[in-house]
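Colleague: Sequence:
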Amino acid sequence: MSNDSEGKSGNRKPQILKGFRDYLPEHMRLRQQIIGKFRAVFESHGFEPLDTPVLEYLEVLTGKAGENEKLMYGFEDHGGRKIGLRYDLTVPLARVVAMHQAHIPLPFKRYHIAPVWRAEKPQRGRFREFWQCDADIAGAPSALADAEILAILGESLDAVGLPNYTIQVSHRQLLARVAVWAGIEEGLAGQVYRSVDKLAKIGPDAVVAEMVEGGVEQPAAAKALRLLVEASASDDALGFIRDSLGDDPVADTALAELQEIFEVLPSMGITGKAVFDPTLARGLDYYTGPVFEAVVEEPRIGSVAGGGRYEDLIGSFANRTITATGVSLGLERIIEVVREFDLLPGDGGSADVLVVTMPGAAAYAASVASQFRQAGFRTELSSQPNRSVGDQLKYGSKKGIRFAVIGGEAERESQQVALKDLESGEQRTMSVHEVIQSLQQAE
RNA sequence: GUGCCCUUAGCUCAGCCGGUUAGAGCGCUUGUCUGUGGAACAAGAGGUCACGGGUUCGAACCCCGUAGGGCACCCCA
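Taking our numbering, the leading residue of the first sequence gets 1, the next gets one more, and so forth.
Calculated directly from the structure, the hints in this document are not laboratory data.
Treat each hint with caution, since some may be false.
Derived DSS-like pairs (lysine-lysine); straight-line CA-CA distance at most 27 Å [claimed, not checked]:
hint	residue 1	residue 2
1	Lys-273	Lys-201
2	Lys-13	Lys-64
3	Lys-121	Lys-70
4	Lys-70	Lys-82
5	Lys-64	Lys-37
Keep in mind it's a predicted model, so treat the numbers as computed, not measured.
Full structure from sequences and hints, please.
Modeller: Next up, the structure:
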């Protein structure tokens, strides 16, 4: 490191970038717990792990996120190459599938748990560096694949105990056909998606007004919206839209896909949580088919997961079309909910046992600690033999360690140890073997 | 990217209309207690009042800028 005099004794301010965070041990353990549950769900469906570099050529990343590209971190390296920090995990997946076609049998089912970066303005549950937990199926055009992704989404949220979430499901092409049916130019589809998406928040009149402002004819905007609202209110929203649109092969295909998804979901154990919501649109440009989003009402952080089918993204890197569908779980937002409702129990602190010692008995204590580890206990060996036993016990209880094992000179002489329960204060002296047995029985 | 609010000890906060040496609780350190923590008591450490500039005889307090945090948009996980 540099040896400039001003850096030597704490003159430098410890700073951290806006929207970036340190994950301290307590928070980190919760993150790992949640990640572990997601991974277990993904693997239970036979999904394989994947990781990719955090940096990509900028041109790999651009042209997929539409308006959102201004949120992408980019820079030039020392060789003049244009580099970007990945914005999501979906584009890297597309690159990987296109690049390693010879080694990836399709359908490819992979999961990817890793950080992504967006230069957004931070808020609760919104950071510039955040983790996504993605599960995708590439090379499977069936609605069954979409349904399985939805099932994985539901199972994941259930695994961490999220109490009140809803998975809204819609279809990009269905919305597009509704717009055309109402007389809206196809080029304005993006405007329709954005406006319609706000219906629940701002109400029908404001949605129409916004569409008109975006260049849509007033009667057409009102007509499209009326259909969506009436469909939402009807018992059979899909049937209502089908009857209204009449003969439209594209819309019929979309409707059939949705129908199949909803037929299969109960058999996958997902009932009630997933609902058709024709007003859901989603922002990312690359979605082309079914789209979905998991939202929670409390706390108000909006969507905790989102996804859908993207027909052409992989093809943009390859010489052929490979369709894919997948979901992104937002780790930070899910953690917010888990913390808000205290959904996950603690994991019992950093260790099960703290071995306390004192000068002259360090080697004995170290060998005792090894025996506990071999017996399967997470065992911390005190690093402060010169502090009083009291201080060491205090350290242990502060770290949430349940048991202290004292191995000092007296214990070494008798080849025993003292086991102390730091919660109750009870203490007994016995052999290491006996302590291990009693702890194993207590579990 | 736009608008609004906030920033005083490690943490949570007090600090009246600008007026001498900026306070509390918790936490921390030490002692009562030389191999036994959590309690009690006592003492102690710890602050360029986010940072930089300005107004003023005088600024934690007023003004401007920057950084960080929050909220609402926008968008999203």
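Colleague: Would you mind marking each hint as holding or not holding in the structure?
Modeller: Status of each hint after checking the structure:
1. Note on Lys-273 and Lys-201: the hinted pairing holds, with a Cα-Cα distance of about 21 Å set against a maximum of 27 Å.
2. Our distance criterion of 27 Å between C-alpha atoms is broken by Lys-13 and Lys-64, whose separation comes to about 39 Å.
3. With a C-alpha separation of about 12 Å, the suggested pairing of Lys-121 with Lys-70 holds against the 27 Å cut-off.
4. As the CA atoms of Lys-70 and Lys-82 are separated by approximately 15 Å, the hinted pair is consistent with the 27 Å bound.
5. Of the supplied pair hints, the one linking Lys-64 and Lys-37 is violated, its CA atoms being roughly 30 Å apart against a limit of 27 Å.
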